[in-house]
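Trainee: The primary structure of each chain is shown beneath.
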Amino acid sequence: MWKKCHIIGLTIVLLTACQSVKVSTGMLAFKDAWARPAAVNGNGAVYLVIENGTDADAVLLSASSEIAQAVELHASMMNGDQMNMQMQETVAVPAGQRVEFAPGGLHIMLVGLARELKLGDTFNLTLKFDSGEQVVTVTVKDG
Amino acid sequence: MNRKMMYVGLGALLFLSLIGLGVYLFSAPAEFRGTAYVQPYPPAPEIDLTRSDGSRFRLSEMRGDVVLIFFGYTTCPDVCPATMAELKLALAELKPEEAARVRVVFITVDPERDTPEKVQEYVSRFNPAFIGLSGDQNKLGVVWSAYGIFREIVQGESAAGYLINHTARVTLVDPQGNMRVSFGFDTPVDDIVHDLKLVLAEKDS
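Protein chains in written order, with the working numbering: chain A, 1 to 143; chain B, 1 to 205.
If we strip away everything but chain A, and leave its shape as in the complex, we get:
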């Protein structure tokens, strides 16, 4: 019994270790897509990790969703104590790399929410890459 547990444990450790190695899964992967609760007509932001496991560089061109009137790519940048937000035309995800969209950095801005975002809600977000479109499910949570 204990031996079995150890083997399972070791397998999990090995699997986890493999993920931290350079991404080469042969596909674009999306992890932990989330947004904070927000009011109807208000704005929001989607955060996620994009892993490019392919041999080719990918470029995120735009994003869209029925949840908002407009969806835009933005980056917040702290310049000392000053927060500057800048709209991004595209976001590059080089081959074998991961790009993190996180609070205080890159984010996908939801402008004019069609409905309130409540804890536990989910909605779809379409990400348009140079190589095609991908749909990601976003979960509403506190962070």
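Think of the hints as simulated: they come from the structure by calculation, not from any bench.
Heads up, a few of these hints could be off.
[Claimed, not checked] List of simulated lysine-lysine pairs, DSSO-like, C-alpha gap at most 30 Å:
1) A/Lys22 with A/Lys141
2) A/Lys128 with A/Lys31
3) B/Lys88 with B/Lys139
4) B/Lys88 with B/Lys118
5) B/Lys95 with A/Lys118
6) A/Lys141 with A/Lys128
7) A/Lys118 with A/Lys141
8) B/Lys95 with B/Lys197
9) A/Lys118 with A/Lys31
10) B/Lys95 with A/Lys141
11) B/Lys95 with B/Lys203
12) B/Lys139 with B/Lys118
13) B/Lys118 with A/Lys118
14) A/Lys141 with B/Lys118
15) A/Lys118 with B/Lys88
16) A/Lys141 with B/Lys197
17) A/Lys118 with A/Lys128
18) B/Lys88 with B/Lys197
19) B/Lys88 with B/Lys203
20) A/Lys22 with A/Lys128
21) A/Lys31 with B/Lys88
22) A/Lys141 with B/Lys203
[To be verified] With beta-carbon atoms standing in for the labels, derived distance ranges:
23) B/Lys139 with A/Lys118: 55 to 63 Å
24) A/Ala95 with B/Asp186: 28 to 36 Å
25) A/Leu119 with B/Ala36: 34 to 42 Å
26) B/Asp53 with A/Ala95: 55 to 63 Å
27) B/Tyr41 with A/Gln69: 45 to 53 Å
28) B/Asp136 with A/Gly120: 33 to 41 Å
29) B/Asp190 with A/Glu133: 39 to 47 Å
30) B/Tyr41 with A/Val40: 41 to 49 Å
31) B/Asp136 with A/Leu119: 29 to 37 Å
32) B/Gly141 with A/Glu100: 32 to 40 Å
33) A/Gly120 with B/Thr115: 27 to 35 Å
Values in this document were obtained by computation on a predicted structure and should not be read as measured data.
Beta carbons are placed, not taken as given, at the ideal position from N, Cα and C, and that holds for glycine.
With chain A held as given, fit chain B onto it using these hints.
Mentor: Below, chain B alone, put in the same frame as chain A:
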């Protein structure tokens, strides 16, 4: 003999001084993890604005409580909600009797779009006890400059209309009305909780 006694005396004096120094160093107040103000602590400039329910808000009436002040705007999707969410989490880490003595005040840098009602509704989503303030540009301008808030409207392509570059720092005002410590964006929640507890535990407060 006399010389020997003198050496013994000097040794004892040195020993006692070292003990004294140790006691002084180790009994010095625990340090803030945020950016601390040095003594004499600067008094927090007055904030005198009208709340969404028509009542008057004056910072000077918050004596006895710890006040956390942040400047932002409700169109902001990233840094402002992230900061409010952090403060919400920090208060949740405190004991209820401690949290009851902490006020969170969010002051807009966007009076053109943020009415007092809109700001209050925005912060209430994080915690119904949070206070959201707006007002006319002149009154707010006094507060912004008193707190050294940089604010710059940026016209761009966004469907959200203009964006505002602004100072994103939380200032902690102690129960005597003095500025004691401030937190830059992305300060770990644990550090904010740590510093809140230090101020709440002070004897005078």
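Trainee: Just pull the numbers of the violated hints for me, sorted ascending.
Mentor: 22 and 23
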